[in-house]
Structures are given as C-alpha cells and as structure tokens.
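S.K.: For the protein sequence lines, the chains are Z and B, in the order given.
The first sequence runs 7 to 360 under my numbering.
The second sequence runs 176 to 320 under my numbering.
Just so you know, the hints here were simulated from the structure itself, not pulled from any lab data.
Being a predicted model, the structure only gives us computed values, none of them experimental.
Don't take every hint at face value.
Derived CB-CB ranges, DEER-like [to be verified]: (1) S270/B <-> L283/Z: 49 to 57 Å; (2) G209/B <-> D212/Z: 21 to 29 Å; (3) V195/B <-> P164/Z: 23 to 31 Å; (4) E184/Z <-> R291/B: 47 to 55 Å; (5) R320/B <-> D323/Z: 51 to 59 Å; (6) N279/B <-> Q181/Z: 29 to 37 Å; (7) Q247/B <-> D323/Z: 39 to 47 Å; (8) T269/B <-> T74/Z: 25 to 33 Å; (9) R291/B <-> S144/Z: 55 to 63 Å; (10) K250/B <-> S144/Z: 52 to 60 Å; (11) T74/Z <-> K250/B: 47 to 55 Å.
Think of the CB as a built atom: it goes at the ideal place given N, C-alpha and C, for glycine as much as any other residue.
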Amino acid sequence: MSTQKINTEYRQAGIPDAPEVANESEPCILGWILETDLNHLWAERYARDGHDLSEGESVVTEREKNRTTWELSLVNLGYPKLKFNISGRKLYLCKNLLTDLRLELSTPNGMAARQAIRIEQSDGSVGKILEVTLSLDSTHVEYHLSGGSEVKVHWSKPATYVIQGDPLNADRFEQHYEVLKRMKLARLPKPVSDALANAWVYFLADGDKLYPSVYRQPGTAAARLDQFQTSAEARVGMRFATRVFPIDSSQQPPEDKDWVIGLFAPSRSATWVAGSLFPPPDYYLGAYVLSDAMQARTTSAIRAQALRLSPLVSFCDRGGPLEKVELMPAAAQATWGAEGTLCGKLLPQGGSYY
Amino acid sequence: MRFKQSGDTFIPAASRDSLVTPTATDVIKVSAGGESAYATFVIRWVQPTHFIRVAKQNSGLKLSLFYFNADQQEKAVPDSLTSWEVVAGNGTVTSGVFKPAAQNPSPYSVVMGVDRSQEDEWRWGLTIIALPMLDIDTLVDYYSR
C-alpha cells in the first residue's frame, strides 16, 4: 500500500501520518515563478539588504608572514543576488564585499599556541562585488535545519569567479568556494513541519518559467515537468503533496506555505492569496502575489561601518615603535581624540600613536 | 621593574610589587560626519609569560592557560588557579568559557588570563578573541594550527 493511501486512511481514523517512505519520485512541493519575477525579487532585496552584514558569510584565507607569524584575511560578503538565465542555462550569484580585515597570529618565544595580537582593517573591498557564474543544470539549493538553518546554493561543475572591476583578485574566492562548491544564500527560521528539516531544491525551466522542485532527499531534477495551473492573478504558484503536508477537513493551507518561498526566493518576498485542494486529495495548490519589499523587512540591518580606523586593535609594548593609525576614508574634518585617559600619546601628524 | 629570580617560567615573570598591572588599554576615537571610529591599543608593560589555548566546548569557547617552565616543558595552569579578565571589548569569560555579548557584541575582545599559583609575580597570557568576527569553528581551527 502506498504511503499516500496509508495516510489518507490514517487521517480518516484520526491517526498521525505514517513515516515517509524513501525514494520519492516526485517533489513534495513544486512551484512556478516567471524568471523575470524571480530575478526582480532577488535584485530588489539585494538593493535593500546587499550591504547587511548580519545575513552574510565570510571568506577566510591564511598567509604565513614568517615562521612565527600568520595573517588571516577575512572578507565579509553581504546578502546575495541570484540572477537566472534560462536561455543561457546560467545562474549568476552576486555578493558585495563588505569588510576587509586582517588578523595577525603569532607564536613568539616560549609560546606553543598561536596568540592573536593585531587586527587591521582596510577599505580595499569597498564597492567591489563578487560575481559567481554557475551552470544552471548542475546547480541546486539545500536547506538543513541542523546546518544552522541556512539555505545554500550547491554546484557540481566548476564555477567562474569575477570581482567586478578587479579581475585579478577573485583567486582567493575561487580557492575558497571551489573546494566547498556551495555558498550561503540566507538563514531561515525553523519550518513548522518536520518534513522540511532537510530540503533539496532543483530548478526546472520551461520557456520563461522556473519550477523550483522541493525534495526531502538528494537526487536530480525530474526529467518530466508536471505543469499545473493556478489562478490568473497569481505570480507564484506552489503545489504541496498532501502525502507530506496533510490537509484536514477545514482545508487550511500548509503551515509552511510562506516559509517555502525562502527556499528559492528572498524570504517573505511572495504573499499567499488563495489555496485549494486540486485535484483532491493528492495536492494542495497555493497562489501567491509578489510582496512589497519594504513590508517584507523582518530584521534591522547591520551595515558595515562607513568610518574605520586601522588597526582596529593591536598590542604594543613599552618602549616599542610608533604605531600609525589610519582613518578610512580620509576625512579632512575628522576630530581625533581619546576615550578616557591615554597611557600613550596621540601625535598630530595624521594620527600616529605610541 | 623587577623580575622574579629563579622563577619557574621560561620567560621571566615581573614581581607584583614592582608592577601594578601588566596591561593598559588606550582607545583612540575619531569622529567625522556624525560617525565615530575607534582604535584600541593594549599596552603590555612586560612580556606575557603564559599563552592561551582555545577549544570549542558545547556552544562556547573554552580558554586555557599554559606556560613553558625553565626546562622548556609545557605546563597547564589548573582552571581553579586561573583568573580571566576582558581588557577590551564587551565579551565575558565565565568559568574559563568566553562568550560574546548578547546585545551589540564587539567584533573582538582582548582577554587576559592570570595564573594565581604564585601571588607575588605576574604570570599571565594575553590574546585577542576574534569572536563573533570569526565564527567559533574557524577561530578554533586557525588559532590551534
């Protein structure tokens, strides 16, 4: 007997659903959205949150300065923008480079473990954008509740990496991401349904539409596209399999109807308007419209500090050399001072200190 | 400044009666266009005798204090004899476990560990804990290599 039939009978008897069988051949959720709409949603959210540090990720690389000193370079990347190109079979992923930090670790005489002694900042990344070009056919999205509740793009074929306006400096990102072959999109809240604790999303395309297909196990996108209709005013449609998302007699929509949008589009970028069983009892169809980006704001953005000093922090020794303090961007009208009383001195030539 | 004669640390420890505290923290503030930026300098009046190791413990970052003795053997300081102090940043250390502030955490904190086994000398270590600037796994990885 199929799981679906078992669940139907169980539901009629008021018994919770049977555990899901392995090897689903069809997605538990199938959506559709116009390529232009999905690209617009990502572009709109990126324009708003692309400089938000709280939703980003960082790339860390290490360089040995000498036998006892290492420098970690840390670049924070902001909220992403996805751009699908169905005809070219490409997916472009852009992220702003936000902060550029260097952390110095050292093992001086008599130390067996690395001690961090200095953090410098630079504005070398300001205004730069990392663009990663992926093959749409070898790309999918994964969500794992246990993996920090993050949505990530995964790919299998080599990607190309470009820093817009700075073509030579993408190497460190290529070295970092080509090993991982994945990149964070966003962090989502916990879904209501346990069935969505792990999700694999594959993108089918037909004409000008994309069909995000959500599976609960890894696989490949189905060769056959099972198209479905939603109401005429809908800009996004989602079809939930009732074998996974049971619908009771009140016909309330699945509780994760809004959450699933975040598996392929910016979170809360589409709003549920209507839904019904179709064809009953196998599927529940939902229609959505696109949300106003400003209304979809849920958290306050943390932006990179515009005014910076470098070093951010450093150890200095009694009788040691002068430490230069650099202000970025250089501001002629800046006021230099101290918080509290200084043990050292702030010298006036652009701000040198010991 | 006087240093302890015939102490057991490879790096000589300063006598406490010649030095009130081994560090001082200076913060430079620059303001322009309604914004402010800060640079922090932690002055080491003497060289640290000890060093700090980090490890992940549950969701926190466990700090431990070590030193090399006069025979260049690595020695661990028992947690019961270690005091921790945050000299810059707003993180906290409780029972040797570092946590960034829950609200508006500073990207890093500077932590001093003091070995109280010899109360007449400064037996201490100092490091920057770059949390939450780095995530905890990345920090432990790079600090422990």
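S.K.: Hints first: check each against the structure and report whether it holds.
M.R.: Cross-check of the supplied hints:
Taking the beta carbon of each, S270/B and L283/Z are about 56 Å apart, inside 49 to 57 Å as hinted. For the hinted restraint 21 to 29 Å between G209/B and D212/Z, the CB-CB distance of approximately 52 Å leaves it violated. One distance hint, 23 to 31 Å for the beta-carbon pair V195/B and P164/Z, is violated here, with the actual separation near 59 Å. A C-beta distance of roughly 49 Å is found between E184/Z and R291/B, which places it inside the suggested range of 47 to 55 Å.
Under the hint 51 to 59 Å, the C-beta atoms of R320/B and D323/Z, about 25 Å apart, miss the expected range. Under the hint 29 to 37 Å, the C-beta atoms of N279/B and Q181/Z, about 33 Å apart, fit the expected range. At about 23 Å, the CB distance of Q247/B to D323/Z disagrees with the hint of 39 to 47 Å. Range check, T269/B to T74/Z: Cβ separation about 32 Å, and the 25 to 33 Å hint holds.
At about 59 Å, the beta-carbon gap between R291/B and S144/Z stays in the expected band of 55 to 63 Å. Checked against the hint of 52 to 60 Å, the C-beta distance between K250/B and S144/Z comes to roughly 53 Å, which is consistent with it. Distance hint check for T74/Z and K250/B: the Cβ-Cβ separation is about 21 Å, which falls outside the suggested range of 47 to 55 Å.
Checked against the numbered hints listed earlier, the structure breaks hints 2, 3, 5, 7 and 11; every other hint is satisfied.
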